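Q: Residues per chain are reported as follows:
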Amino acid sequence: MKKLKFTDLLITIMIGVVFGVLMKFWDDLYTVVKPIMPVARQLLYGMWFMVGPFAFLLLRKPGTALIASIAGASLSAFAGHGIEVLMYGLAQGLAAELLFAAFRYKRYSILIAGLAGIASCLASFGLDLVYGYAALETWALIVKYGLRAISAFIFTGIFAVLIVRALEATGVTSLIRPVDKKEYTMLDQ
Amino acid sequence: MFNWFTPKRETWLFRVNPALKFIVFFAFLIITLVNQSLSFAISQAILYGILFYVFSGYSLKKLSLLSIPLAISFLSTGLTMLLFGKGEAVIWQWGLFKISEESIQHALLLGSKSLSFGFVGFTFILTIQPVLFFYAMMQQFRLPSKYAYSFIAAFRLIPAVTEELQIRRNALKVRNIQFSKGFRGFYERLQSYTVPLFAQSIRRAQRIAVAMEAKQYQMGAARTYYYPTRYTGIDMVFLLVMICSLSSAFFLSIYR
Chain A
1 MKKLKFTDLL ITIMIGVVFG VLMKFWDDLY TVVKPIMPVA RQLLYGMWFM
51 VGPFAFLLLR KPGTALIASI AGASLSAFAG HGIEVLMYGL AQGLAAELLF
101 AAFRYKRYSI LIAGLAGIAS CLASFGLDLV YGYAALETWA LIVKYGLRAI
151 SAFIFTGIFA VLIVRALEAT GVTSLIRPVD KKEYTMLDQ
Chain B
190 MFNWFTPKRE TWLFRVNPAL KFIVFFAFLI ITLVNQSLSF AISQAILYGI
240 LFYVFSGYSL KKLSLLSIPL AISFLSTGLT MLLFGKGEAV IWQWGLFKIS
290 EESIQHALLL GSKSLSFGFV GFTFILTIQP VLFFYAMMQQ FRLPSKYAYS
340 FIAAFRLIPA VTEELQIRRN ALKVRNIQFS KGFRGFYERL QSYTVPLFAQ
390 SIRRAQRIAV AMEAKQYQMG AARTYYYPTR YTGIDMVFLL VMICSLSSAF
440 FLSIYR
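For the record, the sequence lines run as chains A and B. The C-terminal residue of the first sequence carries number 189 in the working numbering, and the numbering is unbroken. The C-terminal residue of the second sequence carries number 445 in the working numbering, and the numbering is unbroken.
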């Protein structure tokens, strides 16, 4: 598997930073959905799991999910979300990374990306459990984390894949990904 | 914006090696996270509160401004747990809302934890210079320079990213773009912001990387530093003070 070059690394961290900035502004959306708050809040939560899987879908190299997740979290931490998001970023990124590793970094489908999101969701649930958030009534727990997992799948699977495809259409990904063998053979014809 | 972060006076915390400070504070966060004892959580919150209010060196006005989000997070984390938490000894119930002795305890535990997180985080952010932090991570903790420089470079681009986001927002507003309702709308919103933003940021990051390599930035090469960071006597004092105060907070919470 290809190792990360300096360009890849800088782009990965940049993606994390852009997501960090976006997440800061994403808070505004929370206010838009205020009337239906508790449910909608959980359904929008998937955005916070997106950064790692998104970076991997774009660069397709090992390590990117983890690094982008840490970068996004450290930006959020500096932007005033509190330094504990670093722990969440680390755990979520690691979970997504492990899931991609389980498929030997060779699968980029909606299903796998969505599963990576759910893995991140599980990791954050684990941390919440230790933190003490999870001492809720069982019904509240199931509703909260069930909705969150659904949202994770939608954001990291469907939305991330669609956005990466839209980015591919802009041609910017040709800066990152190595040229295919197919494209070389096209030159010979 | 960055002027805001100039302290009124530079306390001893500013002179501690930033990387060492990060490691110690991160350990504090993990201790706060795993701790389940209410009295220890409260004494930790008090300890970190002293760090924040007394030793961060900022004016009371700024500190109280920063306390607002802390108070909000204390209330919001506590309140949900108070109303929906598990518990047998019910004190008050109304529909789905239920307050019990256990849920009060849990709410206080969560609230103190979130206060501790807030105090530690703010104290760290207020008393370091980000660039020196990365330099210290490279020099004292052997973080590969490619990571440190990538972080520094990417962080330098935050103002550009925020500006682009504002421009994009205004452009969408001027064109009176209407988004659909429901999840589709969220996707449309997300896509219309992220695609131009990412395209631009990826191009920019790639150009910077190429420029750095053209100027002989080599991954993994041995290097010298413009800002040397090292351990000094104050680091020893810092370590000792932190260990002593944390352990005294621990013992006080046991033998009250």
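FYI, nobody ran anything at the bench for these hints, they're computed from the structure. Keep in mind that this is a model prediction, so the values were computed, not measured. Please note: incorrect hints may appear among the correct ones.
Only pairs whose alpha carbons sit at most 27 Å apart, straight line, appear in this in silico DSS-like list of lysine-lysine [to be verified]:
#, chain 1, residue 1, chain 2, residue 2
1, A, 5, A, 182
2, B, 370, A, 24
3, A, 106, A, 182
4, A, 3, A, 182
5, A, 24, A, 182
6, B, 275, B, 287
7, B, 404, A, 24
8, A, 24, B, 250
9, A, 106, A, 24
10, B, 250, B, 197
11, B, 197, B, 275
12, A, 3, B, 404
13, A, 24, B, 275
14, B, 362, A, 5
Q: Does the alpha-carbon distance linking residue 370/B and residue 24/A stay inside the 27 Å limit?
A: 22 Å, holds
Q: So if I understand the rule, the pair passes when the alpha-carbon distance is 27 Å or less; does residue 250/B with residue 197/B pass?
A: Between residue 250/B and residue 197/B the Cα gap is close to 11 Å, so the pair holds against 27 Å.
Q: Is the Cα-Cα distance between residue 106/A and residue 182/A 27 Å or less?
A: 18 Å, holds
Q: For the pair supplied as a hint, residue 197/B and residue 275/B, is the alpha-carbon distance within the 27 Å limit?
A: With a Cα-Cα distance of about 45 Å, the restraint between residue 197/B and residue 275/B is violated, given a limit of 27 Å.
Q: Between the alpha carbons of residue 3/A and residue 404/B, is the straight-line distance 27 Å or under?
A: Roughly 22 Å between the alpha carbons, so the hint for residue 3/A and residue 404/B holds.
Q: Given the proposed pairing of residue 24/A with residue 182/A, does the C-alpha separation stay at or below 27 Å?
A: 41 Å, violated
Q: Given the hinted pair residue 106/A and residue 24/A, is their alpha-carbon gap at most 27 Å?
A: Roughly 32 Å separates the two Cα atoms, so the pair is violated.
Q: Do the alpha carbons of residue 275/B and residue 287/B lie within 27 Å of each other, as the hint requires?
A: Status holds; Cα separation ~9 Å.
Q: Straight-line Cα separation of residue 404/B and residue 24/A no greater than 27 Å?
A: 34 Å, violated
Q: Does residue 24/A pair with residue 250/B here, judged by a C-alpha cut-off of 27 Å?
A: Judged against 27 Å, a Cα distance of about 24 Å means the pair holds.
Q: Please verify whether residue 3/A and residue 182/A have alpha carbons no more than 27 Å apart.
A: 22 Å, holds
Q: For the pair supplied as a hint, residue 5/A and residue 182/A, is the alpha-carbon distance within the 27 Å limit?
A: 23 Å, holds
In the structure shown, a violation is registered for the earlier hints numbered 5, 7, 9, 11, 13, 14, in ascending order.
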